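J.: Residue strings, one per chain:
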Amino acid sequence: MAFPIAYLLDMLVFTGIFGIMALSLNLEFGHTGLPNFGKVAFFMIGAYTSALITLAGYPFILGITGAMAVSAFFGAIVSLPAIRLREDYLAILTLAFGEILRLILKNEEWIAGGVLGLKGIPEALTTTSFKSALYGHLIVVYIFVVTFYIFLRFLEKSPYGRLLKAIREDELAAQSLGKNTVWYKAQALAIGSAIAGSSGGLYAQYLSYIGPDLFMPVITFAVWAMVIIGGVGNHKGVLVGALIYQIFERGSRIFKDYLQIPIDPNNMMFMIFGLLLIIVLMFRPEGLIKEEKIKLL
Amino acid sequence: MSKIKKKILMLVAVILLVAAFGAGCAEKQAPSETPSEKPTPSEQPPQPEVIKIGVLLDLSGDLGAIGQKMKLGAELAQKEFDSLGGIGGKKIELVVEDAATDPAKAVEAMKKLVEVEGVKVVVGPMTSSETLAVAKYVNDRNVVIISPSATAGKITELGDDYVFRTVGSDDLQAAALLDLMKSRGYSKIATFVIANDYGIGFEDYFKKYVPEMVALSIRYDPQKGDYRTELQQVKDAGVDAIIFVGYVDSGKVVFRQAADLGLDEIDWLSSEGIAENVMFEDAKTADFMAKVEMIGTKPSSTGFTYEKFAEKHRQAFGSDPDLFSDYTYDATMLAILAAGTAPSYDGPQIREALKKVSEWYNGATGYKLFDENGDPAFYTYNVWKVVKTDTGFKYEIIGHWAPATGLELIP
Amino acid sequence: MPFETNLLQILFNSLISGSLYVLVGLGLTMTYSLTKFPNFAHAEFITLGAYIVYAMTDILNLGLISGIIVSMLITGFVGVACFLMVFRPLANRKGTMVHLMISSIGVGIFLRYAIQQIWGGQELHFSKVHFAGYNLGPLRVTSLWIGIILTAVILVIILHLILTQTKLGKAMRATSNNPSLAQASGIDIDKIIMIVWFLGAALAGLGGFFKAADTRIVPVLGWGILLPAFAVIILGGIGSFYGMIAAAYILGLAENFSIIGLISLGISTDYRTAIGFVVIIITLIFAPTGLSGINFSKWFKRRRPHEGEVME
Amino acid sequence: MLEIVDIHKEFDGLKVLNGVSLEVKKGHVVGLIGPNGSGKTTLFNVIAGVYKPTGGKILLDGEPVHGLKPDQLYRKGLVRTFQIPRPFRNLTVLDNLLLASRNQRGEKFARVFNFTKWKMQERELVEKAEKTLELINLIHLQDEYAGNLSGGQLKLLELGRALMSDPKILLLDEPAGGVNPTLAMKLFAKIDELAHLKNLTFFIIEHRMETLLNYSDYMFVLYKGRVIVEGKPQEVMEDEKVIEVYLGEL
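Chains as they are written, first to last, in our numbering: chain Z, 1 to 297; chain D, 1 to 411; chain P, 1 to 312; chain W, 1 to 250.
Mixed in with the good hints there might be a few duds.
[What the hints assert, rightly or not] For lysine to aspartate or glutamate, the following DMTMM-like pairs were computed, each having C-alpha atoms within a straight-line distance of at most 25 Å: (1) D:K207 <-> Z:E108; (2) D:K52 <-> D:E359; (3) P:K128 <-> D:D264; (4) W:K119 <-> Z:D264; (5) D:K79 <-> Z:D264; (6) Z:K157 <-> W:D71.
[As the list claims (entries may be wrong)] Here are the computed distance ranges between Cβ atoms for each label pair: (7) W:K224 <-> P:K94: 50 to 60 Å; (8) D:G318 <-> Z:L8: 54 to 64 Å; (9) D:K91 <-> Z:E249: 24 to 34 Å; (10) P:G63 <-> D:G406: 51 to 61 Å.
Hints in this document: simulated from the structure, not taken from any laboratory. Note that the structure is a prediction, hence the values are computed from the model and not measured. Glycine included, C-beta positions come from ideal geometry on N, C-alpha and C.
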């Protein structure tokens, strides 16, 4: 068997796409302390927006810009009620928001194809062969990953990022020091949603098909796992988390062929996954790579 | 400041490097990767010792129970060839992956089959969303897929490509159901469908072609499990019949609650999604289905070839074949025959071989000639009716439907 | 399409839906108000309860009543075990509410797939118990539906008595309102929290049995009802016993009567699922303290803001 | 400077403040004392905008400010500390102080990209923060996470943050609690100096009234949600009612 280079590259593309999601959650939760359990909703908004724009014949860059704008808009909308709420309320509210949105996209065929979704979404780059397309995707996705990584690192090392962390640490104290925390939380959700939206746009053009069944709450949980395992508050960490998640998911599919166990491999994978989450939370709550001490100057 | 600039420069350099490298690789590999574009016989990969057939079914999740049984159909086809010493002296190896009733997982599993296992022909995936989700990839990768159970009309639109299916579009079955409804003289019906591609496909068909007949349409969430008020509305609406489209799992819940609410005075029609013997495992469901004399359609599996398949299935697994296991059997047979007769184990050639094989293959579900869209060119649907026998319950075949002949009921 | 709707039946259906929400929501609201985090693994306690009743009645041939009791005991112990092995150590290690939530999702995933490993993914039914249906005037009822409603009512009465009349109940209320004050006044709050986790999980198991008897037994049984259950306890006001009961029936009514509206407007009835979500969002926007913020606050009072804490 | 008129506050029917009226004059160090549960911290929380008063008025420089949020009050020059310190635990001591500074332009998203400008400003602010840290004896810990500080050090950090924010009036909730007595004395001396040299106003809660005795210009005694005595520290100390209240507590 030849070395499955295409499989590896595909895995890296997925790592990139979900890595962007993890980065956005890291901004929202890792830095600002907002537990957004509706990540998949913004991923979905981005995917659908970008798909509709590119299917209408406009270029990819417009599609992704639109995806980011619309996602940011919805992020800001959701933030209106959400940011005044306690963490647990916010989590449940965002979870509910994602499910409502999926129901709407599923049942209203006129919006975007209803239950069967949209197919034939144009790719970002037009290429001639499968391999070159894969490299093309890899480059496109990692341009976004790197851009967002630099952007978020820059924010983190700025007074703006420091302020977001202050809100995470103690909102009332931040308020008492004159920070309009509500406004900053709304901004964080909008920026985070825009980033998540671009990730959705990349996903849509990579698969070239999207449907409501692709946006189940399990994606939200997966992104959370990436952030928790990789390292809350550390952008490098969550990217590593995204890679670990992909390796885990695909690895368990491959390893089941070599392992003879009396347990169904699919069940086994999820049981280990559940345990892993608990173990990380209990024994290394800061995740694989710890949040670093930031010096602005 | 300068530090950041440096970093950005570094990153840009890295990106450019990767891009250049990637493009170079792509250029170099392009010809050998896609022999179909420049067919040079000397470079063709030789036939492997073992012919690998991918099987991508939902072995867990909502459709896990159905998928597990469909897998038996695929295994039966493999056993048959292996008992004959394989095809052209080569053994058949089934590489089974689970799509877990999740299109995202289906894509991932498909890639594992193709990239890691090197499979060029795959039986599956099961659902229409999964098939649509992998379509782009398999076309790009020149991998033949034969779905035994993706029934959405939209798959036809994919056109001439690497996507085939052994089962007809839902639009046809809906037409069959409609003829059945007309033959019974209904003027007002209610649709009661599962809220997914399968159910909504049927609902859309009826709403499109006979909007005046559809008095009310219900979509139900299979997770909800509380359909009393929906059913009560159907009861109050005073329709002639209720058209139920769903799967076994939620179907049982709907029928039990319908029985409890006394919806047994209306006619019930349904489709293949529930035409499975496991429905009778629950006594209340079985009683209800027999009491209302539920009728419905399903893609046909009758006649001599089906009986032979069913006999083999019973011998091998000790049970009657279940929903779609016959279609899975045929899809696997076609895949094996195509891969075995193709000059090399290679997607485009398997596709051509598949088209040839399909011209003469007569399987458990009849002739399987593909039309230009990769859909079966011939389809007949059976009309079934639930009856109570001395030993239990069964789906009795009371007629057939085909586009050419229309509805023919056995007197 | 104009037709006469049997409103009485729909009212009765709402009563069944509401009672099911009471059954699955009671345990959740108890643990939520005491340990102050939404336990997503509650879904799996519900599922586990149903499966254990199945194992008792269909595999071991025990009677239904003893099956339910055994199931409640086992589920209760699983709940305590989860609390002792995961949630308490995590809370002691300064885990935040979000950490506890995520860990409960981890516990939930583990339990769900463990259940699937043991009993398989295919749906199961209680084959040993049968519930007859009959006409009651214009109503269709079955013994199961009446059983669901009666159990909910009896349970509410019993819990009301426990909460108001017993020492245990008073200790529970005190611990929920102000743990440090409760501890200062000599209440063994560790014991109380453990009892509440036991009761909460056991009640989830009971609710799981009824939900499964009404539908079928599948590994996602609990997950399917968890979000509506959250809707109920948020609408009721977290920690509010009576608010939650009122909310359960309000959601039951809203879901069932929404069907009439959706049908007459020609909108997909799949949106019924969204009712609970909409309830969550509207409640959280306009009245985050839920019904308890309005009234019903006699027994489980809204958490009094401590000094230095922001009021919502 | 700060005028409080007939402030009422109740929680779920429980009356905590029962018509508090008092005035804090500009440039004064004013003490607020009273036994546990007398409503001191609640009054602070009402003034600082954490709670909305059930009734009454609060005037800052003659302008009504009741009902404003903490961040709005900060912009009007009113800054407070907390009795139980609320540091940003996973940020350094230096960052804790820097966060308190006014108008760091890099805190605005629209301006964050102009990093040359905010970096320049940041340098100035760091200098200022270091001076403040020296003042409160925390300079050696400036790169330490605030979460690793001891209770007394956290109290100092609270004070440092408040000083860093260039306030007009500071509300200090037990600034010397848990701080060692020598340093506490030094702190109060500094407060005294700031008040009289820079014309800053201090409103300080203290549980132990002896500490405040030497450094405050005026004192209010709160008991059961009401001001029962006010006056010069020495007068207050000798007031019968005050002695009674404090004895009653014992």
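J.: Now tell me, hint by hint, if it's right for this structure.
T.: The hints, checked one at a time:
{"no.": "1", "hint": "D:K207 <-> Z:E108", "verdict": "holds (15 Å)"}
{"no.": "2", "hint": "D:K52 <-> D:E359", "verdict": "holds (23 Å)"}
{"no.": "3", "hint": "P:K128 <-> D:D264", "verdict": "holds (24 Å)"}
{"no.": "4", "hint": "W:K119 <-> Z:D264", "verdict": "violated (57 Å)"}
{"no.": "5", "hint": "D:K79 <-> Z:D264", "verdict": "holds (23 Å)"}
{"no.": "6", "hint": "Z:K157 <-> W:D71", "verdict": "holds (23 Å)"}
{"no.": "7", "hint": "W:K224 <-> P:K94: 50 to 60 Å", "verdict": "violated (37 Å)"}
{"no.": "8", "hint": "D:G318 <-> Z:L8: 54 to 64 Å", "verdict": "violated (43 Å)"}
{"no.": "9", "hint": "D:K91 <-> Z:E249: 24 to 34 Å", "verdict": "holds (31 Å)"}
{"no.": "10", "hint": "P:G63 <-> D:G406: 51 to 61 Å", "verdict": "holds (55 Å)"}
In this structure, the earlier hints numbered 4, 7, 8 are contradicted, and the remaining ones agree with it.
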